[in-house]
Amino acid sequence: MQTVSAKDMAMIKILLERIVEQRRVTRHEHRQLTSLLLSAHNLSPEERTQINRVFDYLQSGQLKLVD
Numbered sequence: 001m002q003t004v005s006a007k008d009m010a011m012i013k014i015l016l017e018r019i020v021e022q023r024r025v026t027r028h029e030h031r032q033l034t035s036l037l038l039s040a041h042n043l044s045p046e047e048r049t050q051i052n053r054v055f056d057y058l059q060s061g062q063l064k065l066v067d
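Start counting the sequence shown at 1; every next residue gets the next number (UniProt numbering).
Take these hints with a grain of salt, some might be off.
Derived DMTMM-like pairs: lysine to aspartate or glutamate, alpha-carbon spacing no greater than 20 Å straight-line [what the hints assert, rightly or not]: (1) Lys7 - Glu17; (2) Lys64 - Glu21; (3) Lys64 - Glu17; (4) Lys7 - Glu29; (5) Lys13 - Glu29; (6) Lys13 - Glu46; (7) Lys7 - Glu47; (8) Lys64 - Glu29; (9) Lys7 - Glu46; (10) Lys13 - Glu47; (11) Lys13 - Asp56.
Hints are computed from structural coordinates only; laboratory data are not their basis.
Use the sequences and the hints to build the structure in full.
Structure follows, in structure tokens:
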């Protein structure tokens with residue numbers, strides 16, 4: 001498991017906000033979020049929920065996966 005620094009957490013929050021605002025996520029960003037969710041043990045429940053929300057939006061077609 002990896003730890004995520006406060007700076008990284010701030011960048012993740014910005015990334016999640018941009019993804020939801022633009023309604024699209026790149027494959028690279030998707031891979032980063034998946035890796036983070038599976039490996040980082042210091043994510044707060046709120047951060048995990050936000051990442052899972054992106055995956056839910058993708059599944060329901062509310063977000064577009066782009067290259």
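Cross-check of the supplied hints:
1. Between lysine 7 and glutamate 17 the alpha-carbon distance is near 16 Å, which keeps this suggested pair within the 20 Å criterion.
2. With a C-alpha separation of about 12 Å, the suggested pairing of lysine 64 with glutamate 21 holds against the 20 Å cut-off.
3. With a C-alpha separation of about 15 Å, the suggested pairing of lysine 64 with glutamate 17 holds against the 20 Å cut-off.
4. Straight-line distance between C-alpha atoms of lysine 7 and glutamate 29 comes to about 17 Å, which keeps the hinted pair within the 20 Å bound.
5. For a cut-off of 20 Å, the pair hint linking lysine 13 to glutamate 29 stands: about 13 Å separates their Cα positions.
6. In summary, the hint linking lysine 13 to glutamate 46 is supported, as the alpha carbons are separated by about 11 Å, within the 20 Å threshold.
7. As the CA atoms of lysine 7 and glutamate 47 are separated by approximately 14 Å, the hinted pair is consistent with the 20 Å bound.
8. The straight-line distance between the Cα atoms of lysine 64 and glutamate 29 is roughly 12 Å, inside the 20 Å bound, and the hint therefore holds.
9. At roughly 17 Å between alpha-carbon atoms, lysine 7 and glutamate 46 fall within 20 Å of each other, so this suggested pair holds.
10. Note on lysine 13 and glutamate 47: the hinted pairing holds, with a Cα-Cα distance of about 8 Å set against a maximum of 20 Å.
11. About 17 Å separates the Cα atoms of lysine 13 and aspartate 56, which keeps this hinted pair within 20 Å; it holds.
In terms of the numbered hints stated before, the structure departs from none.
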